[in-house]
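J.: One line per chain: the protein sequences are A and B, in this order.
Quick note on our numbering: the first sequence kicks off at -4 and runs consecutively.
Quick note on our numbering: the second sequence kicks off at 281 and runs consecutively.
Since the hints were made in silico from the structure, they are not lab data.
Computed from a prediction, not measured in an experiment: that's the story for all the values here.
The C-beta atom is built at its ideal place from N, Cα and C for all residues, glycine as well.
Treat each hint with caution, since some may be false.
[As the list claims (entries may be wrong)] Partner residues are not named here, just some residues of chain A that face chain B (Cβ under 10 Å, in silico): (1) S133; (2) L148; (3) R164; (4) G171.
[Claimed, not checked] 27 Å max Cα-Cα, derived DSS-like pairs, lysine-lysine: (5) A:K138 x B:K586; (6) B:K353 x A:K159; (7) B:K480 x A:K141; (8) B:K571 x B:K393; (9) A:K128 x B:K586.
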Amino acid sequence: MQHDDVIWDIIGNKQFCSYKVKTKTQNFCRNEYNITGLCNRMSCPLANSQYATIREEKGQCFLYMKVIERAAFPARMWEKVKLSKNYERALEQIDENLIYWPRFIRHKCKQRFTKITQYLIRIRKLTLKRQRKLVPLSRKVEKREKRREEKALIAAQLDNAIEKELLERLKQGTYGDIYNFPIHAFDKALEKQDEGSESEEDEVEDEEEDDEDVGHKEFVAENEIEESDLSDFEDMNNLKGSSEEEEDDDEGETSENEESEEETEAKGKSKGKTPLKGPVRKKRAYVEIEYEQETEPAQKSKAT
Amino acid sequence: QMYGTHVQADSVEEEAAFPPNFSVSEIKNKQRRHFMFMKLKQEKRKRKLELKKKRKKEREALGDKAPPKEVPKTIENQRIYDETTVNPEDEEVAFDEGTDEFSSYFNRLTNPKVLITTSDRPRGRTVRFCEQLSTAVPDSHVYYRRGLALKRVIPQCISRGFTFLIVINEDRKVPNGMVLCHLPNGPTAHFKVSSVRLRKEMKRRGKDPTEHSPEVILNNFTTRLGHSIGRMFAALFPHDPQFIGRQVATFHNQRDFIFFRFHRYIFKNEKKVGIQELGPRFTLKLRSLQKGTFDSKYGEYEWVHKRHEMDSSRRKFHL
Chain A
-4 MQHDDVIWDI IGNKQFCSYK VKTKTQNFCR NEYNITGLCN RMSCPLANSQ YATIREEKGQ
56 CFLYMKVIER AAFPARMWEK VKLSKNYERA LEQIDENLIY WPRFIRHKCK QRFTKITQYL
116 IRIRKLTLKR QRKLVPLSRK VEKREKRREE KALIAAQLDN AIEKELLERL KQGTYGDIYN
176 FPIHAFDKAL EKQDEGSESE EDEVEDEEED DEDVGHKEFV AENEIEESDL SDFEDMNNLK
236 GSSEEEEDDD EGETSENEES EEETEAKGKS KGKTPLKGPV RKKRAYVEIE YEQETEPAQK
296 SKAT
Chain B
281 QMYGTHVQAD SVEEEAAFPP NFSVSEIKNK QRRHFMFMKL KQEKRKRKLE LKKKRKKERE
341 ALGDKAPPKE VPKTIENQRI YDETTVNPED EEVAFDEGTD EFSSYFNRLT NPKVLITTSD
401 RPRGRTVRFC EQLSTAVPDS HVYYRRGLAL KRVIPQCISR GFTFLIVINE DRKVPNGMVL
461 CHLPNGPTAH FKVSSVRLRK EMKRRGKDPT EHSPEVILNN FTTRLGHSIG RMFAALFPHD
521 PQFIGRQVAT FHNQRDFIFF RFHRYIFKNE KKVGIQELGP RFTLKLRSLQ KGTFDSKYGE
581 YEWVHKRHEM DSSRRKFHL
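Here chain B stands alone, though its shape is the one from the complex (with noise of 0.2 Å):
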């Protein structure tokens, strides 16, 4: 018992059957207040545990008859269904596939050539990122920027042949922001960037990459925006993957969230691989998605991320 309280026997041992409820709430005395609601959390783990025994005792009893364990709900499986998903063999979808910004690269036409650059006055630990996001994708240039408007940049890249233009922008020493441009005149994506650990700061990682093509990996991308985003990553990469490198770039959606990691794997057997982290890895996370090149005013945005309107509910993901 508590010092200086005293006990109310009668209302307060009988809160369940008492027809006027008592709620621990109503008690002005803090101590005591946080003594009867702690009990009442006591009571109630007690009965959650037996419930539960029983329940177990039940299944055990039944055996095989028992009704098979239900579902944990994720947000994965309470995710609101989007319109948009896509439907594998929707035919809609592959004939725009067929004609879209991508279509060269996905017919053999175009191999890609990335730029590289960074905002103004790079400071280290962008400028380290930079480096080792070229050694990740094949055939990338990392260039200083050095004050110039990339209205002016994009046309020179064209002329030299480049296929991507990717922005990383920096602030207050950490990089935070990615344009992704498909050059001839194709989409351009901002993405907001978080979590970058460089190679130095991974757990065990491996050597350096080497040159080989990695493989590319594109987890989650169910719905048409999703769908449209997935090729942009995957024009990246050369098309045919020198499988004697081992290596293999992953974006993996998760609730909208895009994660980049760069493996290195070995197959021990049939049934086990083995995979070593070497590279950067970083999230991203999409913020628009605009029709052509970059173009901050007259840009036609196809998908813009509204807060307001698509962050409301936690079930619901455009990617």
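Isolated chain A, as found in the complex (with noise of 0.2 Å):
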């Protein structure tokens, strides 16, 4: 026998129902004949053994109606009239098939009717405007993607590739007489033309020339000294002490431990401060060299 009021007992209050979502402030109803959504005792459809709602398919409304005198044959409970497409036409319906029937059902059924029209006309509305495409992306296809960029990347060495090219149009004269360098063109095309007559006189004199420069201390002024590795030209401020190195190179072999230890030291001494570019950046003035003797222990002496 169907007692609506045993069954409410049961499973709506408070109690468990497996349709029944439980929130902080509301309980929800998932079953799909409810015809507000929640769980009430007017609202279950489980608990009212007289029953409608209203459900679409595929765009089509239908008021579905269910009766105590049904109750037995579960598959034929539910009575489904398909409603108009007119909106009025649709209400007039709903009012002749639930006429007799308690007032909350009827009004209910009419708003969930209207709801759902309304979302309908918007999905048709929506579908006419641009609609975003998804495009699924795939996890492993987006690493190696990545993965492959930056490898590109290295390989590409953009500075030097786009230093390059500069420098081709420099040289096409592409830039025409803004910048007045061909001057040293020039005279590099003097020297190559001197160079070749007196090749052979320079070879021999070459080897004679390392021997002499042994020990010979030369100090060369600032602006002549190549600027390696600059990538950032505002620091150019900066160039000091990178003459004194150049010239600490050229003088004797014999200083050459003592200068790689004093260099390595230098850089240990950078280290927490900014990167090193190119040749070793020393503040000093002026460094001063022991030479080494076989008796005695090596002696370092900087200058602060």
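Take the two lone chains and join them into the complex the hints point to.
T.: Structure (structure tokens):
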């Protein structure tokens, strides 16, 4: 026998119902035939033997009705009535079918029908507008692309390529007369001519010259020093002491050990500060070098 | 020695000489297997080092007569030759260039005018990216999208005399796609955008770019497809770069990734140039090239990136 109150006591009132979804403030009902979607005594399709809902299928709305006479036949329990597409006509149909039914169900049915028609209209409007196409990303592919991009970036050596290209353009003269460098090219051309005629004599002299320069100190002005590996030309002002280093390298081979040690020490000193670019930039004005004697241990002195 | 494992003297020591070749992977004991593997690796490394030293000695001994050093293989060296590689003197290519959609630009008939916009509801990063991009490209304007359909936007752009339309697509607050459309009826290229760095994220950057037209550098666009894309990029910028500005925009193609950089350069002397990065940087990867203007349904695609066909070989590139 169908006792609605007993059913409600069992499932509805703070006990377990598999369609019930509890939240902090509200209880919802997940049953498809529920008319309001909340879990109430009046809205529960299981606890009301006389019940009606509106449901839509592929854009068509239907009125479903359940009466107690058919409670024993679950397959035939819900009577399905197709509603007309015309809004007012459909409301009249609902009134016709639910005549003499409780006011609550009639009202809620009409409310639900209104909401459904409105969202159907919205769907139709949105499909006509542009739709965002979602393209699925494969994680593996994305990772692969990222890795390949990084490798390509390293292989590209962009800074070098750009610099090379700019120098090429300068050589080809696309910049016209803006830069006054062509003088150097002219001088170089002259030099090449001279070298060509005197190449034989130079080869003989070179070996002798190398020996002569050993132990010969030379102080070179700052401006003539090549500035290698400068990527940030704002640092141009900070070029000091590079000249000293180059002159040191030319002097005495016996002092090479000392120099390398001192260089590494200098590098070690500035490890914590800015990263080194190119030759070590010593800020010291002058470096003292002591020559190593075989009998005594090596002494290192540094100018502060 | 390790605790708890017994040393198998014979079969292990003679792994190289003994006919049934002993493989490290057959030992069941994990500790021992690991130990043997480490030993194997050390042996290999030692042998390699010895070989290297020997070769170096030989090279020094021979001095000038030594054979030239072998060039290491790189992906660029091993690249599969693409038959559509452009030969600079190719007549057919020259003819095509004379008659394609960019010919009007290259013949100085039109000046570029660029419209930059985004997809719907752009987030902060995308908006800033668009602004910075518009400073990098001269004569460009940024307009908000506000839900307009591209098909309606394009005729309006044409009527106002724009030559290029750039649409930056956004996903999850980050720009990830770019549609570059040449306007009168020109090709549409769709790129994937990655690694976007805005100006304030750049290290050691210079001041903001000025209004001077930058020079354009296009590197490594070798194939026909690459060539047409290169021309497309070139057409974005005005014909005559203003050398006073000393700005250069670079599109460098490497292994099908196009890196965009914007620098200011200064020539220190004839052999040295210093560059300082201003401007946004990003990388592009071409996804498709369409013949006409943007039309997702009925467009005719000149080239589409098909992952299974084109990504299968690591040495094959298309740009």
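J.: Can you give the numbers of the hints that this structure goes against, from lowest to highest?
T.: none
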